[in-house]
Amino acid sequence: MAQERKIKIIVAKPGLDGHDRGAKLLARIFAEAGMEVVYTGLRQTPEMIVETALQEDADVVGLSSLSGVHNYFFPKVVQLLKDKGLDDVLVVGGGIIPTEDVDGLIKAGVKGIFGPGTDTGEIVKFIQSNVRN
Amino acid sequence: MSTDYAEDVLQGSTRAAARLITWLKNEDDRAFPCMEKLHAHTGRAYIIGITGSPGAGKSTLTDRLTHAIRQSGLTVGIIAVDPSSPFTGGAVLGDRVRMSQLSLDPGVFIRSMATRGFLGGMAKSTADVVKVLDALGKDMVIIETVGVGQDEVDIIGIADTTCLVLVPGLGDAIQSMKSGVMEIADVFVINKADRNGADQLWTEVTGRVEQDHQIKPRSWTPAVLKTVAVQDEGVTDLWEKIQAHRKHLEESGEFIEKRRNRTRQETLRMIHNELFRIVRARLQDTGQMDRMIEEILERKRDPYGIMRDIVNTWLCIPANNKETP
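Just so you know, the sequences run in chain order A and B.
Under the numbering used here, the very last position in the first sequence is 133; numbers go up by exactly one each time.
Under the numbering used here, the very last position in the second sequence is 325; numbers go up by exactly one each time.
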């Protein structure tokens, strides 16, 4: 292989939430860590996010939600990825996620949840050590 | 998904196409047997290049043009290229933001690509990725280059019709006289035409096209048209001009000539790359490379003589030599 393999990550904003400062900052942080980041923009449906992951052959899907829709959207993305046979894609999430929701999301197959104030280096490390080979 | 990705691509599998493209980008050896199988099924797609400066509206125009093409019943593959960081190798690929509505259309396949240090406005594997989308059955393939300056013109080596997207306010008439990117357009698109200066830019570009014709008559006179992509204005006109250019190429015989030249360039490049890879690997593995560099530095040898020796040595190796890697 002549080219070093690069982690490809989709950074997506599901739902009607219009706040994407955090998602954009993370997109830059992932790129800074050497990843190829596809930013989808706002108002994505789970179907749009999963189709994007499929076409881009993404290793990771990062979901950002600040509007309280995480309990519906995050598990839905995980489920649709499974339906498409993309079960080796790492799904992580962040934003405003109440502590009591975290367990449920992890059980639903979201591998990591990162709330406000998380050290961004920790997120990068988590992705690098949990991504498919 | 089976293990025969080529067969899956021919059956229309998005996932197989997506994975094969990843292999091509990584220069993974597994890609080549697939590409060999796909070759017989390529050559049908028509290839449109969209190039222009950063922020000119290439992604938005690509989105709107794709909607127009889809209305005529054709399917579309899109390759959207953005730059890699020269420092970290990472990239933010943001072209899909303008194409959100296309992501659920089964007749459209979009792939974002980073340049990974390759100059010229595209990623190194772009031509191969075009073939995958072609074999996947897409009727049209649109390549959106990175934002270009004056000299990134590699797109003409791949695209059948090249559209150069310009916007008002980036310079005076002298800019439109220059060589380089201004020479490669089959269609000039003046986007954001609702802004001040659009008419002036149109006049300058049209003047250039007329001068070009006076200097050396060409069989195709590039079209110059105005669009406001975000409002979907002028996009149908653009699609019509692209079709007109295609008709011109096919009727004049230039189409087949273009494809012949492209095949020649591509084949030579592939041979060049593979020869170079083999020779370099051998020179490095045997330690000969390091010895040569030292000799050159110490002025015991010169690089010109060394180059000639190496070429002579390699060209004299019999084809059936088992030691040849």
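Check the hints yourself; a few may be wrong.
Below, a list of computed lysine to aspartate or glutamate pairs in the EDC-like style, where the Cα atoms sit at most 16 angstroms apart [unchecked claim]: (1) 178(B) <-> 139(B); (2) 84(A) <-> 8(B); (3) 111(A) <-> 88(A); (4) 37(B) <-> 7(B); (5) 124(B) <-> 8(B); (6) 82(A) <-> 57(A); (7) 124(B) <-> 28(B); (8) 124(B) <-> 4(A); (9) 6(A) <-> 151(B); (10) 6(A) <-> 20(A); (11) 178(B) <-> 194(B); (12) 6(A) <-> 28(B).
If you're looking for bench data, these hints aren't it; they were derived computationally from the structure.
Quick caveat: nothing in here was measured; it's all calculated off a predicted structure.
Going down the list of hints, with the structure as the test:
no., hint, verdict
1, 178(B) <-> 139(B), "34 angstroms, violated"
2, 84(A) <-> 8(B), "15 angstroms, holds"
3, 111(A) <-> 88(A), "11 angstroms, holds"
4, 37(B) <-> 7(B), "8 angstroms, holds"
5, 124(B) <-> 8(B), "24 angstroms, violated"
6, 82(A) <-> 57(A), "14 angstroms, holds"
7, 124(B) <-> 28(B), "13 angstroms, holds"
8, 124(B) <-> 4(A), "14 angstroms, holds"
9, 6(A) <-> 151(B), "28 angstroms, violated"
10, 6(A) <-> 20(A), "24 angstroms, violated"
11, 178(B) <-> 194(B), "25 angstroms, violated"
12, 6(A) <-> 28(B), "13 angstroms, holds"
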